[in-house]
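Novice: Residue numbers (the numbering used here), protein chains in the order written: chain A, 4 to 785; chain B, -16 to 91.
Derived by calculation from the structure, the hints in this document are not laboratory data. Check the hints yourself; a few may be wrong.
[Said to hold, decoys possible] Chain B side only, calculated, beta carbon under 7 Å to chain A, not exhaustive:
no.	residue
1	A(-3)
2	Q37
3	R38
4	R39
5	V46
6	A69
7	V80
All C-beta atoms in this analysis are idealised placements derived from N, C-alpha and C, irrespective of residue type, glycine included.
Listed here are the chains, written in short residue letters.
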Amino acid sequence: MEQRRHKEAIIFLKDLLKQERRPEWERALAEAYRLRAGQVAEKGMWQEAAILWENHAKLCPTAEASDEYLGWLAQAGQFPKLAQLLAGSGPVPGDGPFARRLREALAVLALQNEKLLVGFPQDHPIAKHHAFAKQAIRAYSADRDAEAEEALKQIPSRSPYRSVRTLVKALLLMGQDRAAGLASLERIEADSLCHGLALRLSRQCQDGGPDSPVGTELSPKQHTLVGKLNGYSKAQLILSKEAKKFSKDCSPRQVFNAVLGNRELLGESACRRACLAMLVSFPEGVDLFQKAFGKLSPFERKRLHALHEESRKYYPQAALHWREAFDELKKRPEGERGTLDQALILRHIADLARMDVPDIAIDALEESVKLDPDDRASYVDLIKLCNNLDSPKEAQEWLEAGLRRFPKDVELLTLAMHEANRRKAYKKAASLAKTLLEVDPINSPARQFLLEAHLGHARKQASAGKSHLVQQELEQARALDPRRKSAALCVLEGLMALKDTDKASALLVEAWHKAGGGLAAQFQLNMETLSVGLPLKATGGLAPGLAKTHAATKDELLALAVSLGHYASEDKKRLAEALKPLQTILAKAFSNKELLEEDFFTFCHSLANAGQFDLLGHCAKEALRRFPSAASPIYFQVYASCKGVAKRMSQWDEDRLDMALERAREANDRRTAVLIEQLFRKLDEAFEEDYQLDDFMPGLEEMHSKLTPELERRIMKLETLSQAELLKIVHESVPGLPLKGLPREELLNLARLAIMGELGIDLKSLLGGLPLDLPFGPQKFR
Amino acid sequence: MQTPFEILEVAEDADDDAIKKAYLKKVKDYPPERDKEAFQRIRTAFETIQTDKQRRQYRLFHVGQPNFDALLRQALKPGAVQRPEADLLVGALAESVLADLLKAPVSS
């Protein structure tokens, strides 16, 4: 028994009891029966479980019929026995929750099978109220409402028939007021066994039709009952029983047929719409559809094909089908071609092709603009796509075309403004910014941009020695900055007034303070001085300046990072020259103990963006010394050492970056991880560009046509050779190639090329671009 | 899923004006402060079919799976109640009661 082998225990205990009837062995046998009953019940053997429990009860006459036993009897369908127990003729039943539910069940079951009442004393509630419940139901069915209500009144609220009473009352009410009847149904208690049916009826008999009919599970009897209560026609009843055929679990064909088979009830146009929508995922249904609803136009068929491919995410095929649909529209007679539809389809093709084949996207958009020249978004898309494809000339043309069509469009004006600034066409940029401000006077970026454009133009004129034009630009800039907020403007004004040292000094001091003083102010002064073509010493003594012993604070360093970001697009040499006088101060500032890892990241990032690799190397080295387990200093060190060019990375750098990437991921430092991943991506791209196998593979097919049968045989034989034999063939052509660990397929390709030496392919010269002592593993060699 | 036309209760060939009118009426019936979800649904529907171009786009490229529940609900709207026979009512009830009784876990 300890090992739960109760079946064996029962046999042994019975044998023992045959020898001697010891009370402890009888108790043990009773317990073994009880435990074994539980075991067989777990296997769903309800009948056997009930018998074993009865054996247990025989040995323990005082034991009550447990809920478990009652449950097993119910599961075994032994309702007469259950009725006997509840009627009190067997062992006394327990009063657990299951016994209470059982009384309600027996009361309902007795309405169907009166034999269950045999044995119940007349005053037992199941027997006593049975006749009233039965009468109420019969009277309800026969439209004798008064009689039904009278019978219901005889059933007290503690009767096992109380839920039947509520149910019949609700059904009576439904005849007069459906909603009120349904509300009454919901009053049946949740723990009543009648609650399930009440819930199903209230969901299925709603005024607006059944709730989620597709997913409804009803028995045939319940379906018929719902059909009656809803007053369904024969066709409706069939449809309600077949609603499951519309579910996602059925095949598209089954659903399609179910819809077509119920056209009359579902409505012709709703059916057509539903079937048309289904054709996207079930293109095989086209014939069935056409048979039912008439022929689809060629355009519609192509459209459905395209949507089908899109649903499978086969975008190139989808684009092809859309092109065919477009061609079908074009074939239509004038007036029915739907020019706008054509343009929309072309734009859709562009959307599908944008990522993978931007050339096709550009062609489609160009065509669409001809059909619908008023689509502003297409111009913007074309500009962006051309820029992405590194076609600035085309981008500029589309920008101009867009602006001709939409001269006041904020997005196009902003794009044009930035583009002009990028080309250092400051005058044009200023003019565009002005137009933008006319259209959108509170566009503060445009205002700032215009100010910057005037300043940029002023610097340009100053370096060209056109001082009168500089003043004009500065005046216009000043008009845009009436509160004199711009430090750069102030510096430029000071630089233009150098002949008047007092005025110049006043302006430069003002600019110094506006820039917040310290490193950022000095850097800005240096940048502006250099940008107008003056040497740094030109402002000596006129501005506060920084001593070499100056101890820069953390805030100064971060302000310098912001300023570096502002000038990042300037000439790198000029930036380096402006930073040079600050190097001693910066070297000291990097050892400032207040600096956190985050501060180092910010500063290093701004140096990296400004292309100041020497300083970046120093800063990253100090950051790594302070935060040896951080990932970002390693990244910036590597970035500095390869000067931002991924393919200049050494193997050592790659390994360090690999390690840093792992660290960044572990520390959840997403920012650094992204930067490292970007650098690795650039490395992969650079490698692909340099060593694409395709570069020397073209012509291979042509070569194949020239293969002699003998050569072909030798090439075929390669596949049967071992790795070592293949290595030998390749090394005969190119000795010393580091091929260890190269996948077999790659090695086979090289061996094929080596054999084709007879056709003029020289493997050694093909690999001429690759150093034989490759500093990386076979993976990279691929 | 209802189509934007169904949500706004307009015909599929309704023009800009009719759609705007229907939208404003719906917003009046379902202001955001009363039913945020319904308002959002109405707003999205309006933004999908507001202009002729958008309606064309919707018709050309939208792939909506048919709402069979809605379709069936429409087809299965109830008529006048018919009284079921007593045996049918008792049979359906007994079947449901028995299923629920045996479904409930037996506990001691």
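Novice: Evaluate each hint against the coordinates.
Specialist: Consistency of the hints with the structure:
A least Cβ separation of about 16 Å between B:A(-3) and chain A goes past the 7 Å threshold, and the interface hint is therefore violated. Proximity of B:Q37 to chain A is violated relative to the hint, the smallest CB-CB distance being about 10 Å (cut-off 7 Å). At about 10 Å, the closest approach between the beta carbon of B:R38 and any beta carbon in chain A exceeds 7 Å, and the interface hint on this residue is violated. Of the supplied interface hints, the one on B:R39 holds, with its beta-carbon coming within about 6 Å of a beta-carbon of chain A, less than 7 Å.
About 5 Å separates the beta-carbon of B:V46 from the nearest beta-carbon of chain A, less than 7 Å, and the hint is met. A hinted interface residue such as B:A69 counts as satisfied when its beta carbon comes closer than 7 Å to some beta carbon of chain A; here the least separation is about 4 Å, so the hint holds. Here the hint on B:V80 is kept, as its CB sits about 4 Å from the closest CB of chain A, short of 7 Å.
Hints 1, 2, 3, counting from the list given before, are not met by this structure.
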